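Given only the sequences and the hints, what does the whole structure look like? Please build it.
There are 4 protein chains.
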Amino acid sequence: MQRVAARFAAQGFATHLGLRLAQAEPGHCVIEAPFGEHLTQHTGYFHAGLLTTLADNACGFAALSLMPEGQEVLSVEFKLSFMRPATGMLARATGRVLKPGKTLTFCQADVHVVQESGEAVLCATMLATMMGVAP
Amino acid sequence: MQRVAARFAAQGFATHLGLRLAQAEPGHCVIEAPFGEHLTQHTGYFHAGLLTTLADNACGFAALSLMPEGQEVLSVEFKLSFMRPATGMLARATGRVLKPGKTLTFCQADVHVVQESGEAVLCATMLATMMGVAP
Amino acid sequence: MQRVAARFAAQGFATHLGLRLAQAEPGHCVIEAPFGEHLTQHTGYFHAGLLTTLADNACGFAALSLMPEGQEVLSVEFKLSFMRPATGMLARATGRVLKPGKTLTFCQADVHVVQESGEAVLCATMLATMMGVAP
Amino acid sequence: MQRVAARFAAQGFATHLGLRLAQAEPGHCVIEAPFGEHLTQHTGYFHAGLLTTLADNACGFAALSLMPEGQEVLSVEFKLSFMRPATGMLARATGRVLKPGKTLTFCQADVHVVQESGEAVLCATMLATMMGVAP
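Chains as they are written, first to last, in the working numbering: chain A, 1 to 135; chain B, 136 to 270; chain C, 271 to 405; chain D, 406 to 540.
FYI, nobody ran anything at the bench for these hints, they're computed from the structure. Bear in mind the structure is a predicted one, so any value in this text is a computation, not a measurement. The beta carbon of each residue, even a glycine, is placed where N, CA and C say it ideally should be. Some hints could be false.
[Stated by the list, open to error] According to the in silico footprint, chain C covers these stretches of chain A (three or more CB under 8 Å from chain C):
| no. | stretch |
| --- | --- |
| 1 | 16–29 |
| 2 | 96–109 |
| 3 | 117–129 |
[As the list claims (entries may be wrong)] Which bits of chain C does chain A cover? Going by a derived footprint, with three or more residues having C-beta under 8 Å, they are:
| no. | stretch |
| --- | --- |
| 4 | 294–302 |
| 5 | 318–328 |
| 6 | 390–397 |
[What the hints assert, rightly or not] DSS-like, lysine-lysine: derived pairs with alpha carbons at most 30 Å apart:
| no. | chain 1 | residue 1 | chain 2 | residue 2 |
| --- | --- | --- | --- | --- |
| 7 | A | 102 | D | 504 |
| 8 | D | 504 | A | 99 |
| 9 | C | 372 | B | 234 |
| 10 | C | 369 | B | 237 |
| 11 | A | 102 | D | 507 |
| 12 | C | 369 | B | 234 |
| 13 | C | 372 | B | 237 |
| 14 | D | 507 | A | 99 |
| 15 | A | 99 | C | 369 |
| 16 | D | 504 | B | 234 |
Now the structure itself:
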């Protein structure tokens, strides 16, 4: 999973936000961000744009992990449902491949927010379509 | 539209990313981000998470502009289609209310990327559901 | 779950298509349609519109089952990913509530198609937002 | 646009529902269904599954109209927002191509319901991803 780690690290946006690649296995990927004021929306929760970035990364790199060497992954489209206010110490997106394919890979990511108690609360979920492209 | 400007500015995430509120009228909102390495994905384009953040802001504040004073706006869900690689000097999301409502407001945002030539290329579009909540 | 059965049966569309309510428990609902030429798209598979109708029913009635007596359920929005061609003897949507709420209920439905061998193949998945309304 | 008419007519589902291909031009397609009890959900409106079928057809055939001869069109994914109760004499989906492509075509369809007064009310909108495949 060195390839996933390398492509993850090549994202200026992920670095700027302080995202962490917590886990990467074939068809599976976990991305995290600890809470900070710089990640909040106007009422103090994690911003929907940040949760989306976590989930997009988790889906995209889960998809990339099953693609032939040398391919890059691009997001074709995604949809998120925001089920609960995302408040807590750490946001974590867990992405998995639902169906790999030669052209398109379908993925889902659940976004949990970890509370002080350690409990992980499901706050959002994403369905995504990823595409493998030759560089 | 002072309320929109105030709520926009209250987002730590928007400040951290350098987003600009370019326009705010009833049912309409434009948010921009000039290109920078800190906004890119692994192949150098604007990151899907950044484009989503712009579109989410444009939809959310277009919705808020039609809500009763004192309400806050939350993102219930959204979906984006990424039609073209988002490469250029400036990304701009233009949000509009499709249907306001007492509980839910339906919105759409188009995301264009402005080229060196000045041409604005449509790169993504979002359909979003926003909810007004009492603080 | 008599209420779910009654509301399911009140749909002219479900009757016209020959849908069956296969299971209804709190927060969970299964809807089926046996294959027929009248349910196909132009290449002979189950039509995306039919798979959507199954999934919309499965999500909607899973949501209704957790709502206060007397409320009706309406579809606010949904998104489906079609992962594989839907070909086989029977299409079955299994809906579950991800997060119930006073106003909005978030649901997901998986659509499987049962093969002659008995194998159930995942062909589509839906994320949906449902709303409870007073009649 | 004979090809669109032929592929539209090849759908058992469209025939069973009484759908009409009202217009077909390059990158543009209109599909209609007059109201009937057999198209309703449990409160008497046009069923979300029927509105989806109209919109899916309008997007799919708008996409097909721009594809090379001999290709078929398949729905990869779509999302609909249901903005208003769909009640009236006729439901009409107007689909257009937002961005054609060699592999994927991005489309949008608006669904209006025509009232007795003749007014057409926007009730739903779809964003869709369509794929061209060799037969």
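Here is how each hint holds up against the structure:
{"no.": "1", "hint": "16–29", "verdict": "violated (count 0)"}
{"no.": "2", "hint": "96–109", "verdict": "holds (count 4)"}
{"no.": "3", "hint": "117–129", "verdict": "holds (count 4)"}
{"no.": "4", "hint": "294–302", "verdict": "violated (count 0)"}
{"no.": "5", "hint": "318–328", "verdict": "violated (count 0)"}
{"no.": "6", "hint": "390–397", "verdict": "holds (count 3)"}
{"no.": "7", "hint": "A:102 <-> D:504", "verdict": "holds, 22 Å"}
{"no.": "8", "hint": "D:504 <-> A:99", "verdict": "holds, 25 Å"}
{"no.": "9", "hint": "C:372 <-> B:234", "verdict": "holds, 22 Å"}
{"no.": "10", "hint": "C:369 <-> B:237", "verdict": "holds, 22 Å"}
{"no.": "11", "hint": "A:102 <-> D:507", "verdict": "holds, 15 Å"}
{"no.": "12", "hint": "C:369 <-> B:234", "verdict": "holds, 25 Å"}
{"no.": "13", "hint": "C:372 <-> B:237", "verdict": "holds, 15 Å"}
{"no.": "14", "hint": "D:507 <-> A:99", "verdict": "holds, 22 Å"}
{"no.": "15", "hint": "A:99 <-> C:369", "verdict": "holds, 25 Å"}
{"no.": "16", "hint": "D:504 <-> B:234", "verdict": "holds, 25 Å"}
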